[in-house]
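Q: Got chain A sorted already, so can you dock chain B onto it with the hints?
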Amino acid sequence: MAWARQGHEAAFRELVRRYERPVFSLLYRMVRDRALAEDLAQETFIKVLNGIKSYRPEFKFSSWIFKIANNAAIDHLRKKSLDTLSLDGSPSAETPEQMRATSLQLGGKGETPLDEVESRELGTAIEKAIARLRPEYRSCILLRHVEGYSYEEIAATLELPLGTVKTYIHRARNELRVYLEDRRE
Amino acid sequence: MNQPEMHLTTDEIELWAQGLLGAQRAFHLSDCSLCRDIADRERKVILELVQLPRFAPSAGFADRVMAKVKVRAPSGDFQA
Chain A
13 MAWARQGHEA
23 AFRELVRRYE
33 RPVFSLLYRM
43 VRDRALAEDL
53 AQETFIKVLN
63 GIKSYRPEFK
73 FSSWIFKIAN
83 NAAIDHLRKK
93 SLDTLSLDGS
103 PSAETPEQMR
113 ATSLQLGGKG
123 ETPLDEVESR
133 ELGTAIEKAI
143 ARLRPEYRSC
153 ILLRHVEGYS
163 YEEIAATLEL
173 PLGTVKTYIH
183 RARNELRVYL
193 EDRRE
Chain B
179 MNQPEMHLTT
189 DEIELWAQGL
199 LGAQRAFHLS
209 DCSLCRDIAD
219 RERKVILELV
229 QLPRFAPSAG
239 FADRVMAKVK
249 VRAPSGDFQA
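Those sequence lines, one after another, are chains A and B. So in the working numbering, the last one in the first sequence is 197, and the numbering has no gaps at all. So in the working numbering, the last one in the second sequence is 258, and the numbering has no gaps at all.
Take every hint as true, because none was put in to throw you off.
Label-pair restraints from in silico Cβ distances: (1) Val190(A) / Asp189(B): 18 to 28 Å; (2) Pro231(B) / Arg183(A): 17 to 27 Å; (3) Leu126(A) / Ala204(B): 40 to 50 Å.
Every beta carbon over 10 Å from chain B, so not counted as near; a handful from chain A, in silico: (4) Ser66; (5) Lys72; (6) Ser75; (7) Ile80; (8) Ile86; (9) Asp87; (10) Ala143; (11) Pro147; (12) Glu164; (13) Ala168; (14) Leu172; (15) Gly175.
Quick caveat, the hints were computed from the structure, so don't treat them as lab data. Think of the CB as a built atom: it goes at the ideal place given N, C-alpha and C, for glycine as much as any other residue.
Isolated chain A (complex conformation) (with noise of 0.2 Å):
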């Protein structure tokens, strides 16, 4: 990290080369378009290297690039209301019953090739009902249990209260095991 904050370019490709993974994939689920999930990815991380300065070793390196591709990915969806709309249903919707009678279907046939590489690697029963969470509950779920973090640094890394982690969390899992056993049924 010292390199790093001094601006070394080797010391920087080595942050992208650890990181980008990690962050590629919590971007990829949240946003479920590889074009714009490499774009968001490549914002978060100029992002982060242009102002590395900002840096406070006393955080995790990896919290505060998490929180920056986290802001991104939902300033996406806030701002792309309809691609929500599509993955959630309508948000006057109250009921699950509604939720799923006014959302889209996910993973549809593959019309490029790019489209045959997102429904082969989304595609599976997990992954599709990890996309119908609120994007909230996604990024919580994914940090938990994807990137093995506590929920302390889940809470300092998304500033929330550790109580609304919690139950977003536990939610989350409810759904997804809701989701996935009315599949098996």
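A: Here is chain B on its own, set in the frame of chain A:
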């Protein structure tokens, strides 16, 4: 099960699913079918989540990032 206060909490079930719950509390599962059922279902979901793969961006990602980053020291003795 006559002592509902002894049921595992959500946090304890998560610890159990990860193999981190103490033996004394984990023993409750052998007596309580309610907790056992919940814990088994929870473990299935957690296992699916922890096995999710990490994806890689397309080739040349680092170069595209570096092309837009302000580098103050292009060379040096840095070793990862």
